[in-house]
Structure formats: C-alpha cells, structure tokens
Amino acid sequence: MGMNARNVTKRFGSFVALDDVTVEIPSGSLTALLGPSGGGKSTLLRVMAGLEPPDTGVVELDGTDATTLPPQRRNVGFVFQHYAAFKHMTVYRNVAFGLEIRKRPKDEIRRRVTELLELVHLEAFADRMPAQLSGGQRQRMALARALAVEPRLLLLDEPFGALDAQVRKELRNWLRRLHDQMHVTTVFVTHDQEEAMDVADRIVVMASGRVEQIGTPDELYDRPANAFVMSFLGPVTHLDGLLVRPHDLEVLDAPADGATAARVVRVARLGFEVRVDLDVAGARASAGPSTAEPDAYVQVTRDTATRLALEPGVTVHVRPTRGALTMPEPTETEEIATPVAS
Amino acid sequence: MAEARSVGLPPTQSRWAFRLIALVYLAFLLIIPVGLIFWRTFENGIGPVWDALTSPDSVHAFQVTLIVAGTAVVLNTAFGLIASLLIVRHEFRGKSIFNKLIDLPLAVSPVVVGLALILVYGRNTSIGTWLGAHGINVIFALPGMIIATCFVSLPLVVRELVPVLEEVGDEQEQAAATLGASPFQIFRRITLPAIRWGLAYGVVLTLARSLGEFGAVAVVSGRIVGQTQTATLLVEQSFENFDTGKAYSVAFALAAVAILALLLMTFLRPRSDR
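Protein sequences appear in the order of chains A and B. Our numbering applies: residue 1 is where the first sequence begins, and numbers increase by one. Our numbering applies: residue 1001 is where the second sequence begins, and numbers increase by one.
If you're looking for bench data, these hints aren't it; they were derived computationally from the structure. Careful, some of the hints might be misleading.
Partial list, derived from the structure: chain B residues whose beta carbon lies under 8 Å from chain A [claimed, not checked]:
| hint | residue |
| --- | --- |
| 1 | P1163 |
| 2 | E1167 |
| 3 | A1177 |
| 4 | L1179 |
| 5 | A1181 |
| 6 | Q1185 |
| 7 | I1190 |
| 8 | T1191 |
| 9 | A1194 |
| 10 | G1215 |
Away from chain B, derived, C-beta distances all over 10 Å, residues of chain A [what the hints assert, rightly or not]:
| hint | residue |
| --- | --- |
| 11 | L51 |
| 12 | E60 |
| 13 | D62 |
| 14 | V76 |
| 15 | H88 |
| 16 | R112 |
| 17 | E219 |
| 18 | A256 |
| 19 | E273 |
| 20 | E293 |
Glycine residues also receive a C-beta, built at the ideal position from the N, C-alpha and C atoms.
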C-alpha cells in the first residue's frame, strides 16, 4: 500500500527536523531516505510510523488520513538500528509477539513464526535469547518480528548501520530479494549512498529537514537537481569553478580547446582505476617544481595513465568529456545543502 | 589496574593499606555491633529467644510492623513505578523540582517528618478535627504511622528504577507499540519484565527501611503499648526497661528479616544481572 506525507513540519525546540516535507511512497516500492545525519530522515520515518506526531502536515496511509492514528493501529512494521530486541523473550516469542497481541490461535502462530524463522534463516535459533545472537542475526529476527503481523508498510531505520561491512552487504542483498518476493512497500533510512543506490528503486534525498530530490538511482546520479545531490550521490571534483565527476574528465598531453593546465601531484594505482591528484592553481601560478596541495583529481584507466606517462611533476591538460555532467560550484554560503535553483 | 591507580605508595603495600582501612571501618561500624547482637541474643540458648518473640506484646508489635511496612511497600512501589516512568519517559513542567522533591526524605530527619505530620493531622488542627469528626484518626494511629513510613522510604524504589529505565531505553516499547500492543500491554509485557530486578531491589530496600523506621513512627504513633507499638519501638522500650533479652531478640528478628530479603534477592537474581 502507498503512503503520503504532505507538508510535514516537525520541530524539536528550536531545531527544525522536518521543514515542509512532502513525500509520496508508491505502493510496492522500495524507497531509500538518503541524506547526512541530522537531515531529518529518521524523524520522517518515525512520523510515518506514528512514533512522532508532526507539528503540522498530513500523513496518509492508503489514501486515508492517518495523521493522528497511534502506531498500534497503523499496521506498520518498524525495524530499529539497534534491533530493539525484547531481551527477556526467546527468538520465537519475539517473532510471535505481534500475533499474540492479536490473539491469533496458537497453531496459526506456530505455523507463521516457523515460516518466518525459515525465511530469515533463524529456524535453528528459535529457543535462543537475543543476547546469544550476533548483530546480523538479531536484525534478521527484528525483521521477522516486523513482518509477522503482515504490515502494510515496512519501515527500517538505518537497519544495517550497526553491522560490520561484510554482514551489511549480505543483508542488503537479502533485503532486496525479500522485497522482490513479498512486495511489501518498504522505506529504509540510510546515510550511505552506495547502499541506497544498490538496494532502492527510489531515493529521496534529504538534508537540513528538506527534500532535495526524489527519483530513481539513475535519475539522481545523471540528473542531480543541485550541487548537494550531485556531491552526495557520488565523487565530485572542482575544475574552473565547476563541479564534475572525476571519471568525466579527459586528460590530454597537449593544450586543447577548453582544457585547463594542471600539474600531476600524485598518482595512485587502485587496481583497474588510477587516481591522479592534480594541482591546477600551482600550474597556473608558476613553472617551478610543484610542492602545492592538490586541488582536483581525475579517475582514469590504467591504460590511459600508462599512455600519457602520468607521474608527479608532469603537466597535463584537463577538460570535461563531451556530455559530462557539470554544475556551477556552490559558493561558501551555499555549501551546506541549500538547493540551487534549477 | 590497581597498580595504575595507586600513586605514591608501592603497589602491593598501598593495596593492603586500603583493604585494611576499609575492613577496620566496616568492622567497627557494622560487623562487630551486629555480630554482638546476634551473640547476646543467643547467649542463653534458643528458649528465651523464642519466649521473648512469642510474648503477646512482641506478637502484636510484629503485627503492627507488618501492617505498616507492608502498606508502605505496596504504596511506594506503585508510586515509585509511576514517578520513575514520569521522570524517564515524559517531559513536563517542573520535572526537575519533582525529581529533587523525591530525594527530600533522604535529607530531612525522620523526627522532623513526625512533627510535621502532627502539625498537619494533629487533634487540634482543622484537617485533624475534620478527619476525626469522620471517624478517621491519623495521629497516634495506624494511618499516621503508614504515612510517616511511606515518607521516609519514598525515594528508594524511584532511585532504583530511574537508572534501569534509562538504560533499557524506550525502543523496545516503541517496537511493541508498532506491533499493536496497547500501553498497558507494553507495560506488562515489555517494561515490567525489563526492570523487574531493579524493581525487586527497590522493594527490598523499601521493606528494610520500613521495618527499621523508628524516629518518625515514634513521634506519630504515641507509642501506645498493645496498639501502636511497632517492633522497633518495642526494642527501645524493652531496652529502657532493662528487659535486654527481649530487646536483643526482637532486634535480632528485625535484622534477620532484612538480611534474609537481601540474600534472597542475590540468589534469585540471574547471574548476568548481578
């Protein structure tokens, strides 16, 4: 089922956590709320769940106004970053909790819980206490617990944030597959752009309590609405007052139309990719040996680096490739996530 | 660790010095006096102790103590739960004042509490007269003794529960809410089990404090033998009347109940929670 948040504002004292936020979550979608910490993503998720009442604005579930509906009656599954496992209950009882509250018959509960524990690969751990599980297992238990009541909407607040990199990757793929199987409308919060691009089919970029842009991962990467979205979704470097992706720069060994001279400061071979740190200001200022700090960088292939014989001290000429995405560099005051008029 | 902390003295010496000081302090303050009471109690064997404890005034004093302490424990447990949930889970105006007021009984002398209660509920006050006209006597009667005991043991449950509630956090409660549990179900199935050992410890402390309360109850009760005499008051009266055998026996019984409650707590508590 779908969910709408319209013109939602939420303040904590003088801090504006959500500033007139409007977001639509289409039925069946897997949406990421992406942004830096303190940007309002978690607050928006909690408003959706009914855990936090908005100061103004409307929350709709399935087209009906749910703004004042308590969390108990929203039928929304919520997964917390730190699992919120019921510490005094076994894994089985944790997952059964929502069904027991709903007073379902015992054998139905047993069937459903067993099914869910198999789904999250915890069938062998039914009688364990949460303290005896690893972080990843606890989070899978929390997911099974949220799914047990067949929620209309599944909300996950930084679900993989407390896990180590390897487990995080596994759970990511697993969440994606789960969503493809169950088609439950899902919203998850993350500050990791790679995670959002990897898992979600829609991304809502938030910063300073406002929505910066909503779109598919490709749309956001290829057509960012502003400098903030562009720099948040992937690497960017600065060249002649422009923001540009470092892999969208062309490196030439001779001056050319639209190319800027730069001195190579450092060449780092990262496997297939070579990262070249450049000193543009230094190359412009003098012809002496370069000791200045790099102020831009490009990503080139190993072949290109070899062909151009790139090494520290060499002067090269750089320009954006044809059709590269560029954007005017924000001024100092705009730096913090202010949307640029587009 | 010990080496790192002790500056100035050689590690082993300073460690022994600290241990000795702590032990001597405890010995003179606690171990020797309580040990002597136990010893003096059973000086002449178990027979006299049994006689002293089963005499009519002892039995009655224990009954009064049980009623007063039991009621105080029930009331303060309920109040402690509500107050600590308010302090930890809710924001309201005057919360810091509320928080400090709960600690007041620790600072005020119980005798002052007793006198204050007489000033409010005494026979010559308007409240006391009105209550008396409706057949309720507070002062020199059980209600006043219960109020006094409640007052002196007020902070114990709250002070045990507040840190536990803060540590447990409210995420489990929120998770239960999203799973459909009503506020009462959340309290019974999530909050209460999570804080049960803190609560139990608070109850035991309250019980121990209530059983042993002397000052406030002494002022409020009027010490009417066979009516408002509690076990602690009986100990003092017996002692003053040179009936040391009874004084020691009742004192021993009071101490034993308190120690038993503490031991019970320690053994019932799961190892991981200790």
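Status of each hint after checking the structure:
1. P1163: With a closest approach of 16 Å, the P1163/B hint is violated.
2. E1167: Not OK, violated: E1167/B not within 8 Å of chain A, min 11 Å.
3. A1177: 4 Å, holds
4. L1179: At about 4 Å, which falls below the 8 Å cut-off, the nearest Cβ of chain A leaves the hint on L1179/B intact, so it holds.
5. A1181: 5 Å, holds
6. Q1185: Nearest chain A Cβ about 6 Å off; hint holds.
7. I1190: 6 Å, holds
8. T1191: 11 Å, violated
9. A1194: Status holds, d = 6 Å.
10. G1215: 40 Å, violated
11. L51: 5 Å, violated
12. E60: 18 Å, holds
13. D62: D62/A clear of chain B: closest Cβ-Cβ about 17 Å, beyond 10 Å.
14. V76: 6 Å, violated
15. H88: 4 Å, violated
16. R112: The claim stands: R112/A keeps its Cβ more than 10 Å from every Cβ of chain B (closest is about 13 Å).
17. E219: 32 Å, holds
18. A256: 59 Å, holds
19. E273: For E273/A, whose nearest Cβ neighbour in chain B is about 41 Å away, the distance exceeds 10 Å, so it holds.
20. E293: At about 42 Å from chain B, E293/A clears the 10 Å cut-off, so the statement holds.
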